[in-house]
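Visitor: Chain by chain, the residues run as shown.
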Amino acid sequence: MKYDALVIGGGIAGMETALNLGDMGYKVLLVEKEPSIGGKMILLSKVFPTLDCSSCICTPKMAATSHHPNVTMLTYSEVLEVRRKGKGFKAKVLKKPRYVVEELCTGCQECEANCPVNVGDEYNFGLVGRRAIFIPFSTATPRKAVVDIDNCVLCGICERVCPADAIDFTQKPEEIEVEVNAVIIATGFNLFPGEKKPQYGFGRFPNVINAMQMDRLLSPTRPYNTVLRPSDGKIPDNIAYVLCTGSRDRTVGNPICSQICCMYSIKQAQLLMGALPLADITIYYMDIRAFGKGYEEFFKQAAEMGVQFIKGRVAKIEEKENHNLILHYEDIDNGGVKKETEHDLVVLSVGLLPNPKIAEIFKDEKLELDSLFWVKQVEEDESPARTNIEGVFVAGTAAGPKDIPDSILTAGAASTEAAAYIESSKEE
Amino acid sequence: MSERRIGVYICHCGGNISDYVDVEKVRQVIEKEEGVVVAKTTIFACSDSAQQEMIDDIKEHKLDGLVVASCSPKLHLFTFRGVAERAGLNPYQYVQANIREQDSWAHTDDKEGATDKAIRLVRAAIAKARHSQPLEPIQLQTTQKALIIGGGIAGLRAAISLADMGINVFLIEKEESLGGWVKDFSIMYPNDRSGREIINTLINEVKKRENIVIFTEAELLSKKGCPGNFDVKIKSKGEEISLTVGVIIVATGFDVYKPKEGEFGYGTEGVITLPEFKKLVEHSEGGEIKYNGKPIESITYIYCVGSRQKEGNTYCSRYCCNATMHTSILTSKIDPSIKQFHLYRDIRTYGKYELLYEDACKLGSIFIRYSEDEPPIVKKENGSLRVRVRDLLTEGEELEIETDLVVLVTGMVPRENSSLTKILKLPIGRDKFFNEIHPKLRPVETGVTGVYIAGACQGPKNSTEATASALAAGSKAAGLVKKGYMELEPEVATVDIDKCVWCGKCAEACPFDAIEKRKLADKEVAYVTEALCKGCGACVPVCEQDAIEVKGYENSVIMGMIEQLIREAQDG
Numbered sequence: 001m002k003y004d005a006l007v008i009g010g011g012i013a014g015m016e017t018a019l020n021l022g023d024m025g026y027k028v029l030l031v032e033k034e035p036s037i038g039g040k041m042i043l044l045s046k047v048f049p050t051l052d053c054s055s056c057i058c059t060p061k062m063a064a065t066s067h068h069p070n071v072t073m074l075t076y077s078e079v080l081e082v083r084r085k086g087k088g089f090k091a092k093v094l095k096k097p098r099y100v101v102e103e104l105c106t107g108c109q110e111c112e113a114n115c116p117v118n119v120g121d122e123y124n125f126g127l128v129g130r131r132a133i134f135i136p137f138s139t140a141t142p143r144k145a146v147v148d149i150d151n152c153v154l155c156g157i158c159e160r161v162c163p164a165d166a167i168d169f170t171q172k173p174e175e176i177e178v179e180v181n182a183v184i185i186a187t188g189f190n191l192f193p194g195e196k197k198p199q200y201g202f203g204r205f206p207n208v209i210n211a212m213q214m215d216r217l218l219s220p221t222r223p224y225n226t227v228l229r230p231s232d233g234k235i236p237d238n239i240a241y242v243l244c245t246g247s248r249d250r251t252v253g254n255p256i257c258s259q260i261c262c263m264y265s266i267k268q269a270q271l272l273m274g275a276l277p278l279a280d281i282t283i284y285y286m287d288i289r290a291f292g293k294g295y296e297e298f299f300k301q302a303a304e305m306g307v308q309f310i311k312g313r314v315a316k317i318e319e320k321e322n323h324n325l326i327l328h329y330e331d332i333d334n335g336g337v338k339k340e341t342e343h344d345l346v347v348l349s350v351g352l353l354p355n356p357k358i359a360e361i362f363k364d365e366k367l368e369l370d371s372l373f374w375v376k377q378v379e380e381d382e383s384p385a386r387t388n389i390e391g392v393f394v395a396g397t398a399a400g401p402k403d404i405p406d407s408i409l410t411a412g413a414a415s416t417e418a419a420a421y422i423e424s425s426k427e428e
Numbered sequence: 001m002s003e004r005r006i007g008v009y010i011c012h013c014g015g016n017i018s019d020y021v022d023v024e025k026v027r028q029v030i031e032k033e034e035g036v037v038v039a040k041t042t043i044f045a046c047s048d049s050a051q052q053e054m055i056d057d058i059k060e061h062k063l064d065g066l067v068v069a070s071c072s073p074k075l076h077l078f079t080f081r082g083v084a085e086r087a088g089l090n091p092y093q094y095v096q097a098n099i100r101e102q103d104s105w106a107h108t109d110d111k112e113g114a115t116d117k118a119i120r121l122v123r124a125a126i127a128k129a130r131h132s133q134p135l136e137p138i139q140l141q142t143t144q145k146a147l148i149i150g151g152g153i154a155g156l157r158a159a160i161s162l163a164d165m166g167i168n169v170f171l172i173e174k175e176e177s178l179g180g181w182v183k184d185f186s187i188m189y190p191n192d193r194s195g196r197e198i199i200n201t202l203i204n205e206v207k208k209r210e211n212i213v214i215f216t217e218a219e220l221l222s223k224k225g226c227p228g229n230f231d232v233k234i235k236s237k238g239e240e241i242s243l244t245v246g247v248i249i250v251a252t253g254f255d256v257y258k259p260k261e262g263e264f265g266y267g268t269e270g271v272i273t274l275p276e277f278k279k280l281v282e283h284s285e286g287g288e289i290k291y292n293g294k295p296i297e298s299i300t301y302i303y304c305v306g307s308r309q310k311e312g313n314t315y316c317s318r319y320c321c322n323a324t325m326h327t328s329i330l331t332s333k334i335d336p337s338i339k340q341f342h343l344y345r346d347i348r349t350y351g352k353y354e355l356l357y358e359d360a361c362k363l364g365s366i367f368i369r370y371s372e373d374e375p376p377i378v379k380k381e382n383g384s385l386r387v388r389v390r391d392l393l394t395e396g397e398e399l400e401i402e403t404d405l406v407v408l409v410t411g412m413v414p415r416e417n418s419s420l421t422k423i424l425k426l427p428i429g430r431d432k433f434f435n436e437i438h439p440k441l442r443p444v445e446t447g448v449t450g451v452y453i454a455g456a457c458q459g460p461k462n463s464t465e466a467t468a469s470a471l472a473a474g475s476k477a478a479g480l481v482k483k484g485y486m487e488l489e490p491e492v493a494t495v496d497i498d499k500c501v502w503c504g505k506c507a508e509a510c511p512f513d514a515i516e517k518r519k520l521a522d523k524e525v526a527y528v529t530e531a532l533c534k535g536c537g538a539c540v541p542v543c544e545q546d547a548i549e550v551k552g553y554e555n556s557v558i559m560g561m562i563e564q565l566i567r568e569a570q571d572g
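From first to last, the protein sequence lines stand for chains S and Y. Counting in this note's numbering, the first sequence tops out at residue 428, every number present. Counting in this note's numbering, the second sequence tops out at residue 572, every number present.
Treat the hints as calculated values from the structure; they're not laboratory data. Nothing here was measured: the structure is a model prediction, and the numbers come from that model. It is possible that some hints are incorrect.
[Claimed, not checked] Lysine-lysine pairs mimicking DSS-like chemistry, simulated, CA-CA at most 30 Å apart:
#, chain 1, residue 1, chain 2, residue 2
1, S, K90, Y, K352
2, Y, K352, S, K366
3, Y, K74, S, K426
4, Y, K74, S, K40
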């Protein structure tokens, strides 16, 4: 099969790139390793500084991607290798078995209601459980069930209850070969694992959660339909944010700033003031980096709403018997004294880490990464989407931390540069 | 009319609606409405599965009208029109009822009232669906040519990208030469290349392409026509030229903030702005940076001058923290003995630019944090320049710094563009930069179809960000014209020539110059140029003969909707 472009990753940058190229008339293959497209954005509650509901603005992109006449979508699939062929490439894609026939599944969730297995739900960052056969989330695109075979007990109940006879345990992994003129890497980022900062107690203290979990708690598809703390289900009334967790921190090997944490924390703080009007919210920060369009005003607004901002990096967190937490920090703006403050829920504003595994799929030419393992932009000044491999471009956070508007802009850049490359290869 | 077959879907919006509107009650009431064949609730109507369900229902029940009661049509009108289209239903037989922005979100304190209102809004939408007629989009040929306004880094890069996609480009620049601000910049972050070098590379690329035509000392005089086919008039070196282009990219850049006399001592000898200081660094010789012929031994930077103001420029200028770090590193490399004090509010070296901050610290720069309420005071006493500041980082200690040079870190301000704004009808934001359609997902598109914004005219950006946004604007512009045709909304004004007596009132009311007098069958009547009409309806109420209507919004439709809105809720 032949396509003009292969887009790797179906998050916001990958979808935008695929749609741009599709609109220009190019045939695009979009490959997403998860069972649904949407990436990280679809899991967010609202977005800064517009406070648009993330589902509301991301779902149309997902629907548009899945229906675009020029875009073919392969979900639950991974690009195994990309090899040079002429000016273009030959790629091998692994379609992982869903154990569900996509054409037959209606997304009714009958299987999910009857499956006896209960494991942590990765799309809710472990806050609740899910079944071994499941639909990832309510706006999943495609909305098709998938069997998590590692946790499946092979009891066969789903097979019996499925009204569409869509369950098929004989499915095998399938390898697909495609030829493409250009490749766009839009593989996004990894979230900083809170455990790597042991002094904050993430994973040990139940009421220390990460910001992605808080975004789930605030989302319209929130797991508990309210904000509560994990240890005892109490509604928190004194919430702390620890900014720069895993960012600007050489001790964890990540010296750079993650670019989005200040703003998403301020956003969550504003949403919390709406959800829990009586709660106190304190943000412990190093510098507030409200640098984008409308961001400074959004930061000011949070302060006016009563969010407390304390300059000081939290040194460590201790847990009390009632699972409340004591934060140790230096209150820099108020004489630099060492202070201890109690909170009943702590949110770690974790940063973004690179996803360097993408380099492994390029077989003939080595994909260059920068010194911190992000995809290297070799001509950032003139052609920011170019990588060292001719015909391979990068969009979104695969090249470094970015917020959504910057991801959209870089996706636009990748589309344009890929289009120019496709045109030039057609001339020859 | 009772033969119509309408499907109605009421969306929970995952709680956004159903937390305040009893969606099941709405369903039960409207189920009994005339012509309603299918009535369902759905968690997310926009989800793929819900869309598929609608398609199946349309086919199975042979529906000829579709109503989704959900969010604002601004979000999902096109989503559900697409659903109708894929099911073989004319997309203009789809009607959206907004029960979120206009209902659930507005009435969070009154669930019963919100539910009643939802019922009325849905009934009105059903009434519109009952009257709906199939319409076909207006197809227009597009000109595969683009006009780019501004020959700075963004304009140049956008020109190259469009040319490479096979689109002819006319680039107009108001100065004598191309390159904008960047051509005068020396070494820049993040790649330690000079602005001059980058601009020269781009200009060489532009020259290589035959399908780019440059006009210098040029400005836009007028724009007429519609997206895909704009007739523009430009003036270059005194000569007027008419062009037809499909799209326009505005890349007019920014201006630098000029401090007022006396602002942080500006106007006093030794107090200069960051761009002025960068010139001194560029012209340093023999390991010395000189000001007025004297080598400098100490520098005090004051950040956020003209940015993050309480009133005025409330925004952050984004590039300045990074640029100052970079300049300070260059300074240290030229003369490591120069003492550098940075008086800041927050250091915003976002992303990888944090490494610049780290380097500046390592090279000995001293950072002093001042409060917004107590800005530093710059004074000249006995011939020496002194800066007084209270440092929040050292227990609020009062410091007085004697310094050779005060560098005011000035931000970007919007350029004076009023004539261009008027010609293109471009929207301006609160910060006075050009406004995009949606700051998150549509940052280079404007409210004017076919007109895009690139670079710092949309908001402060560094050069690489301006380049990325130029390329993004290029991709959107190409998406519009590359296919060679585009489709326009058919919901436009239409004239009943039997009733029309040509009084001219409709033409006066039309904000888009879409109506003119024409002679048809010995009678003077109003004529609508469909490609220009936006379907706003301004012409309808001024017509005393009721001779002009907007397709899809005919008087009978509107009256039918009003009837449903005011009917008692209980009699469902």
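Visitor: Straight-line Cα separation of K90/S and K352/Y no greater than 30 Å?
Guide: Since the Cα atoms of K90/S and K352/Y sit roughly 33 Å apart, the hinted pair is violated (cutoff 30 Å).
Visitor: Given the hinted pair K74/Y and K426/S, is their alpha-carbon gap at most 30 Å?
Guide: Violated, because 38 Å separates the two Cα atoms, which is more than 30 Å.
Visitor: Please verify whether K352/Y and K366/S have alpha carbons no more than 30 Å apart.
Guide: Distance ~23 Å between K352/Y and K366/S Cα, so the pair holds.
Visitor: Regarding the pair K74/Y and K40/S, is the alpha-carbon distance no greater than 30 Å?
Guide: holds (24 Å)
Violated hints, listed in ascending order, are 1, 3; each of the other numbered hints is respected by the structure.
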